[in-house]
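> For reference, the chains in residue letters:
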Amino acid sequence: MERRATASITAKLKSLGASASSLAAKVKQSLSKRPGPSARDSVRAHHSGPSPFGVLIRKEVADHIRSWRFILLLGIIALTCVASLYTAMNSIQEAIRSDSETNDFVILKLFTISDGTLPTFIGFVGFLGPLLGIGMGFDAINSERNKGTLSRIMAQPIHRDDLLNAKFVASLMVISLMFLTLGLLTMALGTLIIGIPPTFEEFLRVISFLVVTIFYVAFWLNLSITFSVRFRQPATSALSSIAVWLFFSFFFDMILNLLARGIAPNAATATMNDVLNYQNMMLWLGRLSPYTLFNEAASTLLMPSIRNLGPLTTEQVYGAIASPLPFGQSLLLVWPQITGLTAATLICFAISYVMFLRQEIRGRA
Amino acid sequence: MTETVIDIHELTKSYNGTKAVDGLSLQIQRGEIFGLLGPNGAGKSTTILMLLGLSEPDSGTINVLGLNPTREPIPVKRRVGYLPDDVGFYEDRTGFENLMLTARLNGIPEETARGRATELLEQVGLTHAANKKAGAYSRGMRQRLGLADVLVKSPEIIILDEPTLGIDPTGMEELLGLIRKLSREQHLTVLLSSHQLHQVQQICDRVGLFVRGQLLAQGDVSSLSRTLFADDPIIITAEMDGYSSRLQDEIRSIEGVHHLEVGASLQADNSPAEADVPEPDTAVRLIIRSSTDCSPEVARRIVEGGGRLFSLSRQQYGLDEIYHRYFAGGDDKHGEKSDSKHYSQA
Chain W
281 MERRATASIT
291 AKLKSLGASA
301 SSLAAKVKQS
311 LSKRPGPSAR
321 DSVRAHHSGP
331 SPFGVLIRKE
341 VADHIRSWRF
351 ILLLGIIALT
361 CVASLYTAMN
371 SIQEAIRSDS
381 ETNDFVILKL
391 FTISDGTLPT
401 FIGFVGFLGP
411 LLGIGMGFDA
421 INSERNKGTL
431 SRIMAQPIHR
441 DDLLNAKFVA
451 SLMVISLMFL
461 TLGLLTMALG
471 TLIIGIPPTF
481 EEFLRVISFL
491 VVTIFYVAFW
501 LNLSITFSVR
511 FRQPATSALS
521 SIAVWLFFSF
531 FFDMILNLLA
541 RGIAPNAATA
551 TMNDVLNYQN
561 MMLWLGRLSP
571 YTLFNEAAST
581 LLMPSIRNLG
591 PLTTEQVYGA
601 IASPLPFGQS
611 LLLVWPQITG
621 LTAATLICFA
631 ISYVMFLRQE
641 IRGRA
Chain B
3 MTETVIDIHE
13 LTKSYNGTKA
23 VDGLSLQIQR
33 GEIFGLLGPN
43 GAGKSTTILM
53 LLGLSEPDSG
63 TINVLGLNPT
73 REPIPVKRRV
83 GYLPDDVGFY
93 EDRTGFENLM
103 LTARLNGIPE
113 ETARGRATEL
123 LEQVGLTHAA
133 NKKAGAYSRG
143 MRQRLGLADV
153 LVKSPEIIIL
163 DEPTLGIDPT
173 GMEELLGLIR
183 KLSREQHLTV
193 LLSSHQLHQV
203 QQICDRVGLF
213 VRGQLLAQGD
223 VSSLSRTLFA
233 DDPIIITAEM
243 DGYSSRLQDE
253 IRSIEGVHHL
263 EVGASLQADN
273 SPAEADVPEP
283 DTAVRLIIRS
293 STDCSPEVAR
303 RIVEGGGRLF
313 SLSRQQYGLD
323 EIYHRYFAGG
333 DDKHGEKSDS
343 KHYSQA
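Chains as they are written, first to last, in the working numbering: chain W, 281 to 645; chain B, 3 to 348.
Bear in mind the hints are in silico, worked out from the structure with no lab data behind them.
Below, in silico cross-link-like pairs of lysine-lysine (DSS-like), each with a Cα-Cα straight-line distance of 27 angstroms or less: (1) W:LYS339 <-> W:LYS427; (2) B:LYS134 <-> W:LYS339; (3) W:LYS427 <-> B:LYS134; (4) W:LYS339 <-> B:LYS135; (5) B:LYS135 <-> W:LYS427; (6) B:LYS134 <-> B:LYS183.
Modelling step: build the complete structure from the supplied sequences, incorporating the hints.
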């Protein structure tokens, strides 16, 4: 009886094995239908191996990761993240005690609070993200041109835009990977130290914050690529990008303040509508800066208690319950900001694309 | 085998109103080495860029291997190798890695590419530097690596833009010898542009003279000098004494001679005057221009005519004279004119 049972089991196993091997054979067969060894023998087989675009991306990513520049930038950003995490840790207990209503989002506080000695995580990323983007893009095209590699690469069977697209995609991939890693590491460290696991909503909020950050850095990356297409000297394009960055980080706010003083309605005579219009106007002007867009989007996503980004009248607030917004609503609130950042990124890319396609491919001249 | 692989017809391209290439028509056959000669700024690089589809012509047609490079640049670039002037490599990668990148961009499978890159590095004599960073390469090594880089995709045509620029004479000779050897071995069509005529003269089957966007003449070196110096391609200079008007007539009657100058042999200030018979016992220098090589006949008649022959030299116009006649002066038209005038007097 026992023996028979074992025999039947072995038979079953055998048949299973047979079917598995036939499946393997089938898989092999279907795999070999793809451009296989026969096509590979010919040197002219264009479909074997990765596409030229893939090759270029691989090369660019490898270049970035090997470069000292990237390691330095990564070091700076990692350090600031550790620093902001440290200050957040110092003040988190107090923060939890002080406002008991939003205690649910402890992990998010890691990114948004500070003890005042150092900026918050958002502040750091908003300030240093552009530097990373500029650092990775400012010599994208003009260094190839100056080294004489541009015409050599262009003589290979690739489309002219492949190079530009590969530069952009590769840098964006490196940046995305870096920010996702940093963000998740910060979250993980915070969880370890505080001991409260993040909820799913918190996780979504952090991820969407990171995505917004990537868009924001992508804008600066594209801006610097545009300058690298326009200017022959890497130093010139780096300086122009940094000039734009400094303008939006420091001077834009100052100019806005000056402007605000100039166009402010007279406090004694202004109607409520005047004040509202004035406030909306200033908000609109402020949102011309990618820095403002990023700050609004990031803080709304990370602070569920933010319910509105514009001015609210007492009537509008009347009767509202001061509860945190659900994730979907927060996302809806900052959707215009995200769209704006994406649009700015695409405009820069389009400009550099058109300029690059129209440029002459010459030697080092 | 006379298959036309590059066929350019009435090609025109201008930049900011100045014509860089002006009505260029040119055919290149499979397997030949064609030298595109011209001074800087003649439009050589522009023509080459248009051949690869990297620049668009204003008018005219180009046909490379049966394809129009403006419309189908990718298939053209797959079969045509191009070495830009002053080629650059990724300096933090080794020579081998640079070649591998080109191979990958051409879709050559990894294993084949490795073999080919190693083999080519050996052929251009860079095996010892294969794993050195390209940034440490000397100018000559870079050009040789560039040649390997062009050949790694097994092209049918290679286009070399100023391949000898900035290399020392030995390196230049090596490089040109290498180009010739490789093109013969692999039956490659080579189009090379240069302004260094001597070097090109050594290896080219045919040359085209390209000045200010126009092709002045083309052909092999001897047929070029025949067309360009149709009247008097050969100059025979004889130093002798015992010159007489009878001898003069004798020499003039030799077939092919159509110009005779008599000058004082050792006195430079004595300007040449044709058919001016000097005293019989003074040494004179005869400059004979002829369409065929008749130096033995000249020597025979001088000796038979009672003259003493001190020296006899024959000179054929080479590319150097062609160069001076057409290129010197560059963009300046007056320069060219005065130069050709100078030569008609010589």
